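Trainee: Next come the chains, spelled out residue by residue.
There are 2 protein chains.
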Amino acid sequence: MGSLYTDVTEINPAFPLNPLDPEEFRRQGHMVIDFLANYYREVDKYPVRSQVEPGYLRKCVPESAPNQPESIETILKDVQSHIVPGITHWQSPNYFAYFPSSGSTAGFLGEMLSTGFNIVGFNWMSSPAATELESIVMDWLGNMLKLPQSFLFSGGGGGVLQGTTCEAILCTLTAARDKMLDKIGRDQIGKLVVYGSDQTHCALQKAAQIAGINPANFRAVQTFKSDSFGLSPVELKKHVEADIAAGLVPLFLCATVGTTSSTSVDFLPGLCKVATEHGIWVHVDEAYAGSACICPEFRYFIDGVEDADSFSFNAHKWFFTTLDCCCLWVKNPNSLVRALSTNPEYLRNKATESKQVVDYKDWQIALSRRFRLLKLWLVLRSYGVANLRNFLRSHVRMAKVFEGLISLDTRFEVVVPRYFATVCFRLVYSSDEIDGGDEVDGINNEINKRLLEMINASGKIYMTHAVIGGIYVIRFAVGATLTEEFHVRDAWKVVQHHANLLLSQIKD
Amino acid sequence: MGSLYTDVTEINPAFPLNPLDPEEFRRQGHMVIDFLANYYREVDKYPVRSQVEPGYLRKCVPESAPNQPESIETILKDVQSHIVPGITHWQSPNYFAYFPSSGSTAGFLGEMLSTGFNIVGFNWMSSPAATELESIVMDWLGNMLKLPQSFLFSGGGGGVLQGTTCEAILCTLTAARDKMLDKIGRDQIGKLVVYGSDQTHCALQKAAQIAGINPANFRAVQTFKSDSFGLSPVELKKHVEADIAAGLVPLFLCATVGTTSSTSVDFLPGLCKVATEHGIWVHVDEAYAGSACICPEFRYFIDGVEDADSFSFNAHKWFFTTLDCCCLWVKNPNSLVRALSTNPEYLRNKATESKQVVDYKDWQIALSRRFRLLKLWLVLRSYGVANLRNFLRSHVRMAKVFEGLISLDTRFEVVVPRYFATVCFRLVYSSDEIDGGDEVDGINNEINKRLLEMINASGKIYMTHAVIGGIYVIRFAVGATLTEEFHVRDAWKVVQHHANLLLSQIKD
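Order-wise, the sequence lines are chains A and B. Per the numbering used here, residue 8 is the first one in the first sequence, and the count goes up by one each step. Per the numbering used here, residue 8 is the first one in the second sequence, and the count goes up by one each step.
Each hint should be verified, as a subset may be incorrect.
Since the list gives no way to pick out one identical chain from another, each pair is judged satisfied if it fits inside one copy or across any two copies.
Stated by the list, open to error - Subject to a maximum C-alpha distance of 30 Å in a straight line, what follows is the list of computed DSS-like cross-link-like pairs (lysine-lysine): (1) Lys66 to Lys153; (2) Lys245 to Lys500; (3) Lys66 to Lys190; (4) Lys362 to Lys153; (5) Lys357 to Lys456; (6) Lys52 to Lys467; (7) Lys244 to Lys153; (8) Lys66 to Lys362; (9) Lys84 to Lys280; (10) Lys514 to Lys456; (11) Lys52 to Lys500; (12) Lys407 to Lys280; (13) Lys66 to Lys357; (14) Lys362 to Lys456; (15) Lys456 to Lys190; (16) Lys232 to Lys407; (17) Lys244 to Lys84; (18) Lys467 to Lys362; (19) Lys500 to Lys407.
Simulated from the structure, these hints should not be mistaken for lab results. Please read all numbers here as calculations on a predicted model, not as lab measurements.
In isolation and in its complexed conformation, chain A is listed as follows (with noise of 0.2 Å):
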């Protein structure tokens, strides 16, 4: 057998077992399970966020690996004792930093599910039924978010799994680039401009830098208060007309749904107006917020995504599915397929010289993937679609009443609409000594950071913060699984000491 032990010098009699004999996988797997179904019913007693610091594993582990065989017993005390203490809890219901990442047991399963059978699904022959799967299903989802026909296979186009939306962003730009670039010349390439907002997540960024577009050509458009910080149609087309202008191309837009500052809003059919004039890619980006749009309450969030070439959203932030599940659609699969497509003769099948399949390695960027659709379809199978709208209603109805306890206390303030489950609010100092202007907001902003950092000092939850419009908010995101309403209450509470801490400080 493919025995560990051919070496008699370095044979360990405790350990002769093929490294996947089905009932040592039995016995670890269900010690695993157990370890984590504990996890998740002590999670809300860990400090939320790590309370480490810098280095401080590196005094619990030895320095190279170990030349004999540890029991699971001793590495999993060890992933209690070193491990737990160094992760931030994004299980707790007491996590509201960032967007949380709303595991599930049934987006768990899916997960084993794939990684037990560890197929390497590049092509439709390397695993049939994980390129089907994953067809019929981005379809199920598409109609589930009313998307366009146009964006579904039954309608040309398709969808696809990716990694993250950083990805996604960076595939449809790639395919973006080299469609424009078959039209005007490789040599052109200098020339692609990318838009985005100031409020548009970094992903974009970060894709043009890979994608070869000139760091000079990116813009990052301004937003406003007075547009509640939706990137402004007139405010691109202005852009975009002093680009062309200059003798540039305008290449790539990507609007969002739901931004990660603050989930504002960019205004799709005026976006779309623009970019169609000028031969933009128009890429949606709802990585928060598309979730939301399977309710038919929030669905005219994407008003206007008909007229956008691709839409993307995360599975993983806030529809029950573990990282990494990025769900991606386009119109235009064949630009996709151009851009990212290598044909080598070790891959050569049948399948895919018949044309009747899709190969899923020409959609994204790597050949290898996961068959990660497991676990978007154990998620729809297990919770069903009324009531997975109903468990994101429940995490907008929770920030509702935050919201609602935030406006019981003059102290504080929400500084900008909520439209989802994320509140974005402040302290609000004002001493008499301040005159007023600038001067009050740098001064709430560092009344704010040091508010922020003593609550999360605490353990006791985790928010995170962002800075819009030159504004120091406070970022609280409902979105975690196990988060029920008495832990929003008690999360207020827990503010409201820190301020009466804080303020009490300020004024000794």
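Starting from the known structure of chain A, arrange chain B on it as the hints suggest.
Mentor: Just chain B now, with coordinates in the frame of chain A:
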């Protein structure tokens, strides 16, 4: 609570739980562990290559997502009856195709823990343990490979996990590109040239496409049988000098140890010498063969790596960790960070500003990252270095057994030297009616293609092919974790049986 069931009209009383309820997680988790343990016990009984036809799955699944939840029992029944037949069984002991994906219990458990914690580890702050364990264990592994200190954190370099080699190459190529463009000017991107051989994995071509290298400036330098299909420094030098003479700028060389087609080996010391003279970044791709280099007797294959700039291998190929897990080391992490970093306000934090920590988001394409290192850690600790070496040796030994069996049957030949655990062979049909030369090869290519298809269609074993120097070869890659020597001996009988059948058909 974050209940699923707030809209009473849609309540299904059978599923009243939070989607991350610990006890339900435990119950369902144990079921899936048993499902997978049984799968491994039975996997040798399934046809290795899936026997389904394109479109098979659409007949088995509904047209839209279910509105109401379904039980895990129902879903697992569907996995068994609809998904398993559409899977090509990469974990089967009779799997000898491409390069196997060597799953293991430890690799699986590491992925479970990673998925269970479900952290989003973009920077140190988001979960210190993830970053610190990665830095420590990448140094462990670098030491196991006897990489020069300059590639390790302890020597000023550093290691990072990527998903796949495609990503590792794209990141290093982007770093090399930006370093060069900083020197010669952004507008010179059209002059940059990328080098590989005609045996280099298509990942290089794809990375060059994505990074905006002009396709006309991609060099797949020809290799020759006399060099055992390794890239010759003399050939590289010729191309580099011609490019310089044409006003182009040599940028990046991907040298491979263990190519995908035939596991051929590029001669690193000579190639690095040529590259160094011209300021070319050298990436060493050991996607497959890197694992073997933890054995002292194989280490010489990477002699010369000390003059390269970056080095990667896939732990998900032949190192027990499930897909995806590519290990990348670079001598100059700053060049990665310069090319790939973004620094949005919402990610700013004290730890980053202290410059005492690594933020891995700036070493890769995506911002988000899983705690992938756990699976590598579990593999190293569960099996230990000594056993890992012996496991790899047992695969090499089985490949030698297969080679020996081929040599006993004069109808077959081994086409290129076997270095690791992959044998490239073919049936040689020398009919008296053929004159010789290209025509013989043409006929033999056709015969071997038919032979391979017959064998794979039987479902008993699965192998794939390559074309090397115009010769169609069948690749027999040992590496699936469950494979034992009797599987290899049985596989040879399957090959002989179908060769007998085919030759008797031809003679008739």
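Trainee: Now tell me, hint by hint, if it's right for this structure.
Mentor: How the hints compare with the structure:
no., hint, verdict
1, Lys66 to Lys153, "between (53 Å within a copy, 23 Å between copies)"
2, Lys245 to Lys500, "neither (46 Å within a copy, 72 Å between copies)"
3, Lys66 to Lys190, "neither (58 Å within a copy, 41 Å between copies)"
4, Lys362 to Lys153, "within (28 Å within a copy, 46 Å between copies)"
5, Lys357 to Lys456, "between (61 Å within a copy, 11 Å between copies)"
6, Lys52 to Lys467, "within (9 Å within a copy, 52 Å between copies)"
7, Lys244 to Lys153, "within (29 Å within a copy, 56 Å between copies)"
8, Lys66 to Lys362, "between (56 Å within a copy, 20 Å between copies)"
9, Lys84 to Lys280, "neither (58 Å within a copy, 48 Å between copies)"
10, Lys514 to Lys456, "within (17 Å within a copy, 84 Å between copies)"
11, Lys52 to Lys500, "within (17 Å within a copy, 60 Å between copies)"
12, Lys407 to Lys280, "neither (34 Å within a copy, 65 Å between copies)"
13, Lys66 to Lys357, "between (55 Å within a copy, 22 Å between copies)"
14, Lys362 to Lys456, "between (57 Å within a copy, 20 Å between copies)"
15, Lys456 to Lys190, "neither (50 Å within a copy, 40 Å between copies)"
16, Lys232 to Lys407, "within (22 Å within a copy, 71 Å between copies)"
17, Lys244 to Lys84, "neither (59 Å within a copy, 55 Å between copies)"
18, Lys467 to Lys362, "between (56 Å within a copy, 27 Å between copies)"
19, Lys500 to Lys407, "within (16 Å within a copy, 69 Å between copies)"
Hint check: violations occur at hints 2, 3, 9, 12, 15, 17; the rest are consistent with the structure.
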